[in-house]
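Enquirer: Single-letter residue listing:
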Amino acid sequence: MAKEMTLLWGSGSPSCWRVMIVLEEKNLQGYNQKMLSFEKGEHKSSQVMEMNPRGQLPAFKHNNHVLNESYAACFYLESQYQSQGNKLIPECPAEKAMMYQRMFEANTLGQKMADVIYYNCWKVPEAERHDSALKRNKEALTAEIKLWEGYMQKASGPFVAGNNFSLADVMVFPSVAYLYRFGFCGERYPKLAAYYNSLKDRSSIKTSWPPTWLKSPVQDLLKDI
Amino acid sequence: MAENMTLLWGSGSPPCWRVMIALEEKNLQGYNNKLLSFEKMEHKSQEVLDINARGQLPSFKHGDNNVNESYAACFYLESQFKSQGTKLIPDGAAEQALMYQRMFEGLTFYEKLNAVIYYTWFVPEEEKHDSALKRNKEALTAELQLWEGYLQKLGSASNLAGPSFSLADVTVFPTVATLFRFGLSAERYPKLGEYYALLKDRPSVKASWPPHWLENPKGQDTLKDI
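The listed protein sequences correspond, in order, to chains R and V. Using this note's numbering, the letters of the first sequence map in sequence onto residues 1 to 225. Using this note's numbering, the letters of the second sequence map in sequence onto residues 1 to 226.
I should point out that these hints are in silico values taken from the structure, not numbers from a laboratory. Worth double-checking, as some hints may not be accurate.
[To be verified] To be clear about the criterion: a stretch of chain R counts as covered by chain V if any three or more of its residues have a C-beta under 8 Å from a C-beta of chain V, and this derived list gives those stretches: (1) 3-15; (2) 75-82; (3) 95-105.
It should be emphasised that the depicted structure is a prediction, and the values quoted were computed from it without experimental measurement. Glycine residues also receive a C-beta, built at the ideal position from the N, C-alpha and C atoms.
Isolated chain V (complex conformation) (with noise of 0.2 Å):
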């Protein structure tokens, strides 16, 4: 099982981080995988282009199987291994629900988390505007406080869709993660530093911590002041 399955993963990419907590989570430790580096552009090598035509990361496959898209590496272990280790979609129709809307509202998190700490990577110089990048924040900021708002909905010490750890934890964890080790102030996000607390001593969450984070505990503080 585990080793007909191969992931190829940079550190720190939440979409990579998402099913690497998928893999603990369902007892598949043990997968064939091998770390790579962005800046190195190891993800435009043949190794990756051969799984994955778009020379991303994560690149995953299991036998012939190429799922390569992190939500879809995430469903796809949940329902070929139903039956082993954490039940990661909830039965009840109310969780269920609320798990699948904060799964996809998480990729709208994620886009607005990139569009500020990732703006200098990813726009060409030319194309830079200050205007922009203060937009970006503004975004950002509303979408945090929406993210608080639903936290707060729930109480203290749960899980994004209630008391399960859920798929709506895997997907959406690594990017919260992210945001702390982007210098976010837990004192004006209470709700979110206590659910980074929560989660982030689980041990699938432990297991797969981004190795250069753990080299270099200091972060950036990009998000200081949002």
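Isolated chain R, as found in the complex (with noise of 0.2 Å):
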């Protein structure tokens, strides 16, 4: 089972973390798994193009399935493992109403945290940017933040969609520990900063942490959000 799947994945890419927290859950050790660097071009390498035409990652393969989108990923790992490891999708329809809803707007999140992170990188060339822009793009982040920080105070449980660690939890949690990695302040969002810290020790969590955080300093680009 374990065996006949190939990850090739990036540190610190919140959706390749939610691929490898998925495979924990699932007790799916022992998967065949290569670490490259995007700060070397190793996604556009041919071992990933090949996987991958797209040259991203994380790129996911499962006998002859390949499944290099971290959402078709986690659902098919869900879906084909059901009867094992931990239940990712709950029973109950209005948890499962929520668990659907919140995994969907993690995607949200997790390009308004790019339009920020990445304004200065490799997003938007040089001749093309504005400080107004920029500046938009904070004001639209910190307006999501607070969206997500008033889930947190109104979630019937400690986890997004309520009593149960789901697939929400699998989308939002790398997206909120990549707050964290940039300089979020979680004084200023004590729910958020609860669930991060609530859950950063959680064994998939824990097990699959992006090495490279381990090792280097966290950044503080978004310590005014």
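Assemble the dimeric complex from its two separately framed chains, guided by the hints.
Expert: Written as structure tokens, this is what we have:
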């Protein structure tokens, strides 16, 4: 089972991290894997391009089933391995609905983060950058984070969808951790901070924690958000 | 069931259309619905904000469950109504894997389309650059070639994930229909043209076809040179 799986991944990429969390939760340790470097351009190597013509990570394969989109891999694994490991989709319709809703909102959170963090890196060519755009992106990210602080306040349990760890946490936690990695100030957002602190020691999350984050210091790009 | 559902939607919005196709496929006709206008900013009205703090469409409610993200609503409906209407998630591992993969590539496809056709709508005047729009058009062209390739490998008269109509078609067909509405050339993209022709008369698709597209059959030609 796990031996028939291959994951090509990059350290710190939330998309890669999601798949790794699910593999742990479903007791699929022992999958073939290779860590690649974005900085060295290894995501565009022929090994990746063969599995993923988009030249992106994660690139994931089970037998000859290719699942390069992180959400696709997570749904597939939960579906195929429903009866082993932790159940990642709750039975209760209300919790399930909340899980689906928050999972897809997590995508928006990720995009708004990237719009700020990567604005002056690779996202926007220098000649097209405007202070007004970056300012607007920061305001959008702040509004988004406030929305999530509100969601955590209203949540019926310690997890995003309520009382059970679910695919919603798989999608949301890596993004929240990413915020912290870039200097997010938890004091301003106590509910998100509590969420981060309670989940960071969960076994599947600890095991798959980005190795490069253990070695290098946090950046402070988001300290004023 | 359907009577406990409410959908607030806008005509021609692919995310709204996805949910409407799913509702039809699951035999949930008769849901409460209201057509709102983006131009008149009705997506920011109190009625929408009560269901969806983001002030976006679609906004969808089933009993006390608010499921506004279109993919979330589609998954929710398939899960809650698995035993009625069309089966939208295939059982076989291979077809399921392909369905999930294409559904989520479908999000990228939709973003690249919007980056071209709505460039002027989303980007403030002072921040517009010809270089950016050019790059967005090149990205859309590359994306279209990928999808042409995907359909090529499946052979004729195939749905996106194989022989069965699935959530991949529910989520991606509206994007394909929008491409042709905005003038994409079926000659240059024959496989996409075939796929469009195959599904445009499917009952769920016909029943939910954007009303203003029926009123003005002639679309725009923004994409004619892509």
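Enquirer: Failing hints, ascending?
Expert: Hint 1 alone not satisfied by this model.
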